[in-house]
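Given chain A's structure and the hints, the job is docking chain B onto it.
Those protein sequence lines, which keep their order, are chains A and B. When we follow this note's numbering, the leftmost residue of the first sequence carries the number 170, and every step to the right adds one. When we follow this note's numbering, the leftmost residue of the second sequence carries the number 170, and every step to the right adds one.
These are calculated hints, taken from the structure and not from any lab test. Careful: at least some of the hints might be erroneous.
Copies of one chain are not kept apart here, so a pair can be met inside one copy or by any two copies together.
With a straight-line Cα cutoff of 30 Å, these simulated DSSO-like cross-link-like pairs (lysine-lysine) come out [as the list claims (entries may be wrong)]: (1) Lys445 with Lys318; (2) Lys266 with Lys288; (3) Lys288 with Lys271; (4) Lys291 with Lys445; (5) Lys507 with Lys318; (6) Lys267 with Lys547; (7) Lys372 with Lys216; (8) Lys349 with Lys318; (9) Lys290 with Lys271; (10) Lys288 with Lys178; (11) Lys372 with Lys318; (12) Lys271 with Lys291; (13) Lys474 with Lys267; (14) Lys311 with Lys372; (15) Lys536 with Lys288; (16) Lys291 with Lys178; (17) Lys474 with Lys230; (18) Lys317 with Lys372; (19) Lys338 with Lys445.
Number of protein chains: 2
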Amino acid sequence: MPPAKLQAKTPDTRLIIAASEQDANLYWATQFLAPDPIIYIQHRRKKYLILNDLEADRGRKEASVDHVLRFSELEREIGRRNGRPRGYLEVVAHFLKKKGVKRVAVPYDFPLAYGLSLKQKKIQPHVMPDPFYPERLIKTRKEKAAIKKTLSHVSASIQAAYRVLRESKVKKNRIYWHNKVLTSEILKGVINGHLMENNCLGKHTIVAGGNQGVDPHCEGSGPLPANKPIIMDVFPKSMDSQYYGDMTRTVVKGQATDALRRQWQTVKVAQEHGIKMVRGGVDAKGIHQWIMNYFEAQGYHTGIKNGRMQGFFHGTGHGLGIDIHEAPRVSTVSQKLKPGNVITIEPGLYYSGVGGVRLEDVVYVTKGGRELLSRCPKILEIP
Amino acid sequence: MPPAKLQAKTPDTRLIIAASEQDANLYWATQFLAPDPIIYIQHRRKKYLILNDLEADRGRKEASVDHVLRFSELEREIGRRNGRPRGYLEVVAHFLKKKGVKRVAVPYDFPLAYGLSLKQKKIQPHVMPDPFYPERLIKTRKEKAAIKKTLSHVSASIQAAYRVLRESKVKKNRIYWHNKVLTSEILKGVINGHLMENNCLGKHTIVAGGNQGVDPHCEGSGPLPANKPIIMDVFPKSMDSQYYGDMTRTVVKGQATDALRRQWQTVKVAQEHGIKMVRGGVDAKGIHQWIMNYFEAQGYHTGIKNGRMQGFFHGTGHGLGIDIHEAPRVSTVSQKLKPGNVITIEPGLYYSGVGGVRLEDVVYVTKGGRELLSRCPKILEIP
Chain A
170 MPPAKLQAKT PDTRLIIAAS EQDANLYWAT QFLAPDPIIY IQHRRKKYLI LNDLEADRGR
230 KEASVDHVLR FSELEREIGR RNGRPRGYLE VVAHFLKKKG VKRVAVPYDF PLAYGLSLKQ
290 KKIQPHVMPD PFYPERLIKT RKEKAAIKKT LSHVSASIQA AYRVLRESKV KKNRIYWHNK
350 VLTSEILKGV INGHLMENNC LGKHTIVAGG NQGVDPHCEG SGPLPANKPI IMDVFPKSMD
410 SQYYGDMTRT VVKGQATDAL RRQWQTVKVA QEHGIKMVRG GVDAKGIHQW IMNYFEAQGY
470 HTGIKNGRMQ GFFHGTGHGL GIDIHEAPRV STVSQKLKPG NVITIEPGLY YSGVGGVRLE
530 DVVYVTKGGR ELLSRCPKIL EIP
Chain B
170 MPPAKLQAKT PDTRLIIAAS EQDANLYWAT QFLAPDPIIY IQHRRKKYLI LNDLEADRGR
230 KEASVDHVLR FSELEREIGR RNGRPRGYLE VVAHFLKKKG VKRVAVPYDF PLAYGLSLKQ
290 KKIQPHVMPD PFYPERLIKT RKEKAAIKKT LSHVSASIQA AYRVLRESKV KKNRIYWHNK
350 VLTSEILKGV INGHLMENNC LGKHTIVAGG NQGVDPHCEG SGPLPANKPI IMDVFPKSMD
410 SQYYGDMTRT VVKGQATDAL RRQWQTVKVA QEHGIKMVRG GVDAKGIHQW IMNYFEAQGY
470 HTGIKNGRMQ GFFHGTGHGL GIDIHEAPRV STVSQKLKPG NVITIEPGLY YSGVGGVRLE
530 DVVYVTKGGR ELLSRCPKIL EIP
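The following block holds chain A by itself, in its conformation from the complex (with noise of 0.2 Å):
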């Protein structure tokens, strides 16, 4: 019997139940998607994908793989009980019981019913941490040039929304696009079209004005103000490559108050000296700390005021990938950047009254430094 210690090691077999359309991890590692769940194991430096009849064609032809097998040969070798079909963990046992297996890796969000039967089955999950692939952080140059190539989407589709900003009229702190009151459903409608002219779905585009910008997340609805700051936070997955894009840019049909400019050119700051920062070997905690340093310097403080929050309170960034939130955070959380992340740095400040701020880009982490894949031009206020 090995000793103990060898017995804690990673076991040389992982298992993924999960549909890939939704799993991240999975999809990386097989390049395969499925909408549903699918049974993947990795043996022995073998990749396997088990899949039901109607995908398993499918899967010979587009999974990058070593072998696929049908769900419904390897039930048959085990029989069907009282003529009920098998689940998906008795032939997943099945499976690995067939190879010698007694442990298996599993990521950390294998769901809990799944690792029970496993355990009563005898074989023992062992659960990794988040990433279950650490390798999927590190973009390759293929991964680089797609998130690139969303990102160039994402740009041209902000742009389509300061052309229609540009063509628009203000009357009595409204916006008249084509004589039609200038909503955020029309302008999202705009952004949305354009990405999906380019096989890119935005599916929560936010464009909120004044107030509603104020929490990060409104998507916004309605009328959009005039003389008030636009938040433009554009996030589509180009259903070609899988990888995101992400940006922000904030604008004003109009003109801005003294008070507004002051906020946009102090988030501009901190976001262009954030960008600064990113560096293979930095914490990135350290440039979250820095901005929201700076925020206080000049005087924008953070915290619940009438009930509500505001000032600074998301983290600056977010590794983007197949996911559009994956490590590295660039939070209060203390987190290495390697060569080869993709992140993004989006400060914002919010104040009810002035409205809300946010500037956002994705860099690629270098050795010695950043490239910056996201380019849009910042305008404040849009005549």
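Frame of chain A, contents of chain B only:
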């Protein structure tokens, strides 16, 4: 101490930790859309959300729960450890202990890592069968209307595709629209664009022609063939209501062969008979079985032929709601239909050479029968 039987009862506290955008149970319970994991606790008929500072104010406005608590405030109650932020489970355990809770019901896909962590903290997770809220499968009048509305957009988008095919011309087995070769991508663009205008998101719309359609999940790509079946399977989620629609039509631009005409008619008869069999109290397995038998009796066999599955090798239907695939299934497994269920009926026949044929509609189950929620002409040939 209570007897063992009582101990085994379902706990009266429920816990979900998930992103409600991807978790139908959580969205159903809270009506609050969040892109990142949030904490939901139901304790003695009261609903609680524990949200970070970024989401708390929006949660108070939008969520249909009794209490929205700030994660940061609960974290402050237990204090940081070595200055590091507390994890989700530490805060959850703190809250549950304050309420005197020792056992919590969790969904089957509750993350294994969280389940083990709860156990360590002396709180027993009790895995519930899927769906966590069986009430979710009995649609209210409002939910039925939401699905019907999404379906009306689906129907209009398919009819937009019919128009494109009608306007197109056939030359040498290719289809030309405005003098350009008509591809799957173009026709998907027409369908998805129409859906997007109505705030419905068509994510993996299928427009697959000829042999591509023999693989039921192939999305289709490249030039569409004339005189061969084109499967259009359209299943968007409404971004307004969050409810899905799902319909399939199979058409030919030009002329169908006799073999295809017979295959199409056989599927149509099977689908229409299947719909007529839907009624509250009926075992859905019987409907699937009837269709399989009918196909066999008509000479349409199912099995592996020339190395690929051919015939009818997927379920006859599935429940539809906030999830695209939910219970009850119409398949080889016994499942009793209940009044209020919303299900698809979508048999298909797939043979290399002839191509694939699938017809799909959505019905609402009533005590005495069914109500058809999807309406769209079934046409085989478009001249």
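Homomeric proximity label, Lys338 with Lys445: Cα distance no greater than 30 Å: neither (37 Å within a copy, 57 Å between copies)
With identical chains, the pair Lys266 and Lys288 could be close in the same copy or across copies; at 30 Å between alpha carbons, which is it: within, between, both, or neither? For Lys266 and Lys288, the Cα distance is within 30 Å both inside one copy (13 Å) and across copies (28 Å).
Homo-oligomer pair classification [Lys372, Lys317; C-alpha up to 30 Å]: Classified as both; 19 Å inside a copy, 22 Å across copies.
Status of Lys318 relative to Lys372 across identical chains (alpha carbons, at most 30 Å): For Lys372 and Lys318, both the intra-copy (18 Å) and inter-copy (19 Å) Cα distances are at most 30 Å.
For the identical chains here, do Lys372 and Lys216 meet the 30 Å Cα criterion within one copy, between copies, both, or neither? Classified as between; 27 Å across copies, 32 Å inside a copy.
What label fits Lys288 with Lys271 when the C-alpha limit is 30 Å: within, between, both, or neither? both (10 Å within a copy, 23 Å between copies)
With identical chains treated as interchangeable, where does the CA-CA distance between Lys271 and Lys291 reach 30 Å or less: within a copy, between copies, both, or neither? both (7 Å within a copy, 27 Å between copies)
Alpha-carbon proximity between Lys291 and Lys445, which holds within one copy, between copies, both or neither at 30 Å: neither (52 Å within a copy, 46 Å between copies)
Intra- versus inter-copy proximity for Lys178 and Lys288 (alpha-carbon distance at most 30 Å): Result: close both inside a copy and across copies, 18 Å intra and 22 Å inter.
Alpha-carbon proximity context of Lys474 and Lys267, limit 30 Å: between (62 Å within a copy, 28 Å between copies)
Quick one: Lys291 to Lys178, C-alpha cut-off 30 Å, is that within a copy, between copies, both, or neither? Both: 18 Å inside a copy, 26 Å across copies.
With identical chains, the pair Lys536 and Lys288 could be close in the same copy or across copies; at 30 Å between alpha carbons, which is it: within, between, both, or neither? neither (44 Å within a copy, 42 Å between copies)
Hint violations for this structure: numbers 4, 6, 15 and 19, all remaining hints satisfied.
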